[in-house]
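Start from the sequences and build out the full structure, keeping to the hints where you can.
Sequences listed follow chains W and S, in order.
One point on numbering: in numbering that gives the first Met the number 0, the residue at position 71 of the first sequence is 70, and numbering is uninterrupted.
One point on numbering: in numbering that gives the first Met the number 0, the residue at position 200 of the second sequence is 199, and numbering is uninterrupted.
Since the hints were made in silico from the structure, they are not lab data.
Treat the hints with care, since some could be wrong.
[As the list claims (entries may be wrong)] Lysine to any residue pairs mimicking SDA-like chemistry, simulated, CA-CA at most 20 Å apart: (1) W:Lys117 - S:Lys78; (2) S:Lys78 - W:Asp17; (3) S:Lys20 - S:Val8.
One letter stands for each residue in the lines below.
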Amino acid sequence: MPMRIVFEGVGKTRKYYDSQNSLWRQQVVLRDLTFQVEDAEVFTILGPSGAGKSTLLRLVNRLEDPSQGHIMLDGHLASSIDVIALRRDVGMVFQLPAFFPGTVRENVIYGPKLHGTKTGLDGLAETCLAAVGLSPDLLGRRTQDLSVGQQQRVCLARALANGPAILLLDEPTSALDLSATLAMERLIARLAVERRLTVLFVSHDLEQVRRVGQRTMLLIDGHMVELSETEALFTQPQSDLTRRFCAGLWKEEKHG
Amino acid sequence: MVDVVLALVLVAIAVALSRVKGLNLERDILLGTLRAFAQLMAIGYLLNFIFDLHRLELVFVLLLIMVLIGGQTSSRRAKSLRGRFLIATCAIGLGTFATLGLLIGLGIIATQPRYLIPLAGMTIGNATRTCSLALERLRSELTSRAGEVEAALALGATSSQAAQHVIRAAVRAAMVPLVDTLKIVGLIQFPGAMTGMILAGAQPLDAVKIQLIIMYMLVAAALIASLSIALLVIRKYFTRDHQLVVL
Chain W
0 MPMRIVFEGV GKTRKYYDSQ NSLWRQQVVL RDLTFQVEDA EVFTILGPSG AGKSTLLRLV
60 NRLEDPSQGH IMLDGHLASS IDVIALRRDV GMVFQLPAFF PGTVRENVIY GPKLHGTKTG
120 LDGLAETCLA AVGLSPDLLG RRTQDLSVGQ QQRVCLARAL ANGPAILLLD EPTSALDLSA
180 TLAMERLIAR LAVERRLTVL FVSHDLEQVR RVGQRTMLLI DGHMVELSET EALFTQPQSD
240 LTRRFCAGLW KEEKHG
Chain S
0 MVDVVLALVL VAIAVALSRV KGLNLERDIL LGTLRAFAQL MAIGYLLNFI FDLHRLELVF
60 VLLLIMVLIG GQTSSRRAKS LRGRFLIATC AIGLGTFATL GLLIGLGIIA TQPRYLIPLA
120 GMTIGNATRT CSLALERLRS ELTSRAGEVE AALALGATSS QAAQHVIRAA VRAAMVPLVD
180 TLKIVGLIQF PGAMTGMILA GAQPLDAVKI QLIIMYMLVA AALIASLSIA LLVIRKYFTR
240 DHQLVVL
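Okay, here's the thing in structure tokens:
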């Protein structure tokens, strides 16, 4: 059950409290984004921190709603779909693993259990754990006793347990070392193919984006700077900003 | 009254000590002494007046005012939340009147001002404290466990399912002081009501009986109040579409 995601003129402004001047201010996080992510595509969103990448992901599973424009999932307006049903179809892995109190098993079956699944939970937990390359021996372990790499895999297994069509990955490897990062990337690529998942992968890491993404959007300061085939972004950038960012020069320029 | 005036010698000693040792507490002690005298005398006369009237509706009005003051006090702990005063008042009122009603219904206490007012006062005071603690804790738990809450939401949990652990932690934390008091009462601490009754000449066992009823009432009322306030307030932290509102 693959799913196409369409953004149409999506903008997001957020209110925040300026405690220095004691007043509420508006901050524009995303500006007029129009693009689409195809069925079963691994789509990467590249950008510096604070660019609005996480917010963009959070709009897809409606942890937040856009201030302007709208998002279509499989031809339906996201805001018109029952939000609980939508989130079951859209799995998310956050930057830092966050668990519910209890064992790996309890975490993995959290979603299905919420939605009334009572039988076959043990089998499901084992399948999902195996899908992320973890041994079923871990099922009874407490989550805090695992390595961070294992924890992120459990988070992925937890998202898979709902049988999602879309996977949102918010810098899922930022807490991992290089070998765990590479293993996680291979795992995600394999899952995307095996389960025909539409994957939105957020990263600030140029090398990672190049390894992972079929197409990539460069997002800076809430603006879509460029969207193209990932390789083309690096080899034939259409704008000077893209060229500088992909050459790793953007940051220095901004601060220098 | 002569006794009370004589007891002022103790205050004089405290003031003298403060002066000699340069603690600079004389003003505060004198002011506190005066305030305590005025407040307690006033409530003494008021209670006397109400007891003599034998009018239950007046008692009810007084209890209602006490609940409102409790609600006002506790709701300050939920700054910036809309409807906090109403929620806190309802929670404290529910805890108080449910337990009081049950005690009356079971015939344990008589519907006389001399029972109702002090019992309700203690109950409301405790429920207020527990509600304040619950509100504080709810906020801090929601902030520190936002990742966990949003992970649950992302898996298709409703707001109340996602906040389940947070609510539990907040209510448990709020109940700790009272539950601990239950455990040590009589061993370390001699509670006020019992002490007062014994001083006033009651048989120790009678005093203990009243004290037990009070304690059981306090626990039930505080739990009902803090659980209600947590369940009512948690909804304010989420939108109708099960989104966690940024705190």
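Okay, the hints, checked on the actual structure:
no. : hint               : verdict
1   : W:Lys117 - S:Lys78 : violated, 41 Å
2   : S:Lys78 - W:Asp17  : holds, 17 Å
3   : S:Lys20 - S:Val8   : holds, 18 Å
Hint check: a violation occurs at hint 1 only; the rest are consistent with the structure.
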